[in-house]
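> Let chain A serve as the given structure and place chain B on it in line with the hints.
2 protein chains.
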Amino acid sequence: MALKSFVEVHPDSHFPIQNLPYGAFKPQPTASARLAVAIGDCVLDLSEIAKAGLFNGPILTGSDCFLQPTLNKFLALGRPAWKEARVTLQKLLSSTEPTLRDNADLRQKSLVPMNNVEMVLPTEIGDYTDFFSSMHHAKNCGTIFRGPQNPIPPNWFHLPIAYHGRASSIVISGTNIIRPRGQGYPAGDSPPYFGPSLKLDFELEMAAVVGPGNELGKTIDVNEAADHIFGLVLMNDWSARDIQAWEYVPLGPFLGKSFGTTMSPWIVTLDALEPFACDAPKQDPHPLPYLAEKISKNYDIALEVQIKPSGQKDSSVVTRSNFNNLYWTLTQQLAHHTINGCNLRPGDLLGTGTISGPEPDSLGCLLELTWNGQKPLSLNGTTRKFLEDGDEVIFTGCCKGDGYNVGFGTCAGKVVPPRD
Amino acid sequence: MALKSFVEVHPDSHFPIQNLPYGAFKPQPTASARLAVAIGDCVLDLSEIAKAGLFNGPILTGSDCFLQPTLNKFLALGRPAWKEARVTLQKLLSSTEPTLRDNADLRQKSLVPMNNVEMVLPTEIGDYTDFFSSMHHAKNCGTIFRGPQNPIPPNWFHLPIAYHGRASSIVISGTNIIRPRGQGYPAGDSPPYFGPSLKLDFELEMAAVVGPGNELGKTIDVNEAADHIFGLVLMNDWSARDIQAWEYVPLGPFLGKSFGTTMSPWIVTLDALEPFACDAPKQDPHPLPYLAEKISKNYDIALEVQIKPSGQKDSSVVTRSNFNNLYWTLTQQLAHHTINGCNLRPGDLLGTGTISGPEPDSLGCLLELTWNGQKPLSLNGTTRKFLEDGDEVIFTGCCKGDGYNVGFGTCAGKVVPPRD
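So the sequence lines, in the order shown, correspond to chains A and B. Be aware that the first sequence starts at 217, since it is given in the working numbering, and climbs by one per residue. Be aware that the second sequence starts at 217, since it is given in the working numbering, and climbs by one per residue.
Excised from the complex, chain A in its bound form:
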C-alpha cells in the first residue's frame, strides 16, 4: 500500500509524501527566507523541524543547514545527508507517526498553507550553464538559423554542447518578464533594427541543481555524477530571437537570453524521481570513454506549456513534451562540464536546453512551433508568432505514479513591456 501522510493530499496534487520537493519561502514579505518541503497544499517549515530537534540522524543532528535562507549548505552535504533528510521527513509526515501529527503546537508552527507564503529562489546560484541536449531542438534551430544542409553541427553527436548563462537574472516563478530592448538582425544592407524585441520566445527546459561539486582541476566521473545532482526544476530560458540571431556569431547567445530566466520554486530530488527513471536513447556514434556510462538514465516527466493571453480567462496548451526526449543525459552533461577541471559549486544550475520532441505538437519553443514566425499558432481565437505583452507562459511537469504524482508544480511568468 502506498505511503500516506496525515496531511491531506488531493489525489491530483503534485506534492504527496512520495515527492517532498525542497524550496524556500517567506512567511511575510519582509521576513527572511526559510527552507521547506512541499506537502499537499502546505509548506513544511524545515527551520521549525530542525529547531524541534527532529532531524536526529547521524549526519544532520546539530546541523544548522536548515536554518539557512538557501539550500546551499544542505546541497554541499551530499547524497547521504539528502537520503537521511528524506527518511526523516517521510517518517515525520506519515499517517502512522504521532510525533508531528499529534503535536498541535509544532504542526501550527511548521505547516503553513502554501497560499499564504511567497516562494523565493531556494539556492544561491554561483554559475548557470545551459546545455543543448535535445536533438530535435538542435535540428530545428539549425535548419531555421543556418539552413537545411547539415543543420546539426558535427560536434553535436560527440559532446553535450553548452554555453555559460547569466546567473544574476534568474528569477523565481511568478516574476514578470520585462520585454528586452536590443539590436535585431538587419534586412539586407540596412543598419540593425533597435527597439523592444519583436521575437520574444519561451524555451521549455529543466535544470539540474548541483550538489557537492568538485575542486578546480578535478573531474567528476560520469558514473559518479548522479551523486552531484540534488534534483531538478522546471526552467523557462526566455529568448529574444531577433537579438540572438544578430549577436550570436561567433561567441554564442548573450543579450538574447540574459534579460531573464525563470525557475520553478520546488526542487524535486533525484530520489523522488527514481521510480520514473527510464532508458536514455541509444547514442550513435558511441560516446568517448569519459562520457560512456554504465547506466544511462532519463526520466519520464510529462511536460506541458500553456499560454494565457492578457484578458483571456483560459490558457491554451501549446506543447506537450517529455524530459525523456533528451539525447545527452544529466550525468553526461555534468561529467563533460568537469572534464577540463572546471569546478562546480553547490547550487550551480545546469539547464538541459529546450526539450523538444519529434512531433509537431511537442516542440519546446515558438521559434520551432511557428517556424520563426512563418506559421502562426492558433490560440483560443487569437494567433501568435511570438509572445505579446500580457501573455503569461506556464510550464508544468509531472510524473504519474501508481495512485500518486511526483510533480514540479508550475513555472510561470508574464511578459510586460519595457520600462521607460
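These are computed hints drawn from the structure, not numbers from a lab. A hint or two may mislead.
It does not matter which identical chain is meant; a pair holds if it fits inside one copy or across any two.
[Claimed, not checked] Within a straight-line C-alpha distance of at most 27 Å, the following computed BS3-like cross-link-like pairs (lysine-lysine) qualify:
| hint | residue 1 | residue 2 |
| --- | --- | --- |
| 1 | LYS434 | LYS242 |
| 2 | LYS524 | LYS434 |
| 3 | LYS242 | LYS289 |
| 4 | LYS630 | LYS434 |
| 5 | LYS325 | LYS220 |
| 6 | LYS325 | LYS513 |
| 7 | LYS289 | LYS591 |
| 8 | LYS267 | LYS220 |
| 9 | LYS434 | LYS220 |
| 10 | LYS513 | LYS299 |
| 11 | LYS513 | LYS616 |
| 12 | LYS289 | LYS267 |
Just chain B now, with coordinates in the frame of chain A:
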C-alpha cells in the same frame, strides 16, 4: 610638486600614493581576508584604519564596508564613497600628515610588508562577462578560424560582442593553471582527439570591476556608465584552442575557457587612471544612439606579456600592447550589457577580450603570435607554438606619469600537467 607619501616608495614602484589600488590579503594562511590598498612595498590594512575611526567623511563614518572580507559592500556604495575613501587615504598616507605617520602603534598594525601576506580574490564575483573588443584580435581570430574572407562578422562593428564566462574558476594571480583535458578538433572524418589540450594559450586582457550596477529591467545610460566602474585589473583568460575550435559552434566558448581565468590582485581605480585617459578610436559606422557617448575614453596603459619556461632563470617578453588598442570602450561595453535589462551586481567582472595591437609584436595571444602554431615563437634559446607544462606567463600593466607610475603589478600563472 607631486604628492608624496611618508611610506618609502621606489620611483619604479607601481604603487605610489597616486595609485592606491584596492585588494584583499590574508596576514596568515588561516586568517580571514582583510581589505587593503597598496602603497610602495606595503599593504595598508583598511580594517585597522576603519577600526581607528579614520574613515571620517560623511559617507564612510561608521560604515563596516572595510571590515568585510571582500570589497563588494564598498563597491555597492558608488563613486561618492570611492572618492571620499581616496581623499581620506591620500591624506592619511601623505608625507605632511602626522595622524598615521607619527602613530607607531597604528603604523605597526596597519602597514604590512607585501612580501609577508598572501593576496586573495578581492571580490565575490557573481557573473563574469568577456567581451571581444580589439578589432585586431577579432580580425586575426576570424582569419585563423574561418578564413580570410570577411574575417570580422558584420555584427562586430555595431555592437560590443561578448559571451558569459565562468565565474567559479576565476583565480588570483600566482595560482597554478592545470592543463585542461578535453576533445579537440578531429582531422577529416576521424573521431575527435581526447586528452590534455595540445594548444594551451594565454589571452592578454583587462577587466572592469562593476560598482553599484542596476536592477533587473533597468538600463544604464552610456554617459553614466563610468559611475558603475570601480576600476580595472589585469586578466589572463587562459584558452585551450583545440577544445575551443571543436566546441564553439554554435553556442560559443565553453570548456576551452572555463578551466581557469587569472586576475591580478590589485584593482586600480578609474580615479587613479584618469590622468592617463586618452581618446578612443573613431568608430565607423557611427554606433546606434544607445552606444553613442559624449566623451569616448580609452586609457594609455602599457601592457606586456612575458613567458618564463620551466628551469630558465629569465623570462622573455613575447608581446607589448596597450589598453588603448580597444575599439569598444568600457562604458560602451557596460551600457550594451544592460540595454536588454540584464542586471549587473557589485563585483561583476567585464573582461575586455584579448587586447591585440596592429603590430606583429603587439598580439595578445599565442594563437595570433604563432598563427595557430604555424610560426613558432623563439624564446631565449627555445621555441613555443603553444604553452608547455612549467611555463609561467606573466602580465604587467603600467601607466607612466610625470615622475611616478600608476601600475597594476603582475598577473601571473604557471601551467602544470593535469592531475590523475
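> Next, verify each hint and record whether it holds.
Do the hints match the structure? See the list:
1. LYS434 x LYS242: between (37 Å within a copy, 25 Å between copies)
2. LYS524 x LYS434: between (46 Å within a copy, 26 Å between copies)
3. LYS242 x LYS289: both (19 Å within a copy, 24 Å between copies)
4. LYS630 x LYS434: Classified as between; 17 Å across copies, 41 Å inside a copy.
5. LYS325 x LYS220: Within one copy only: 21 Å inside, 63 Å across.
6. LYS325 x LYS513: neither (40 Å within a copy, 59 Å between copies)
7. LYS289 x LYS591: neither (48 Å within a copy, 50 Å between copies)
8. LYS267 x LYS220: within (25 Å within a copy, 58 Å between copies)
9. LYS434 x LYS220: neither (43 Å within a copy, 48 Å between copies)
10. LYS513 x LYS299: within (20 Å within a copy, 57 Å between copies)
11. LYS513 x LYS616: Within. Shortest intra-copy distance 17 Å satisfies the 27 Å Cα cut-off; inter-copy 60 Å does not.
12. LYS289 x LYS267: within (17 Å within a copy, 32 Å between copies)
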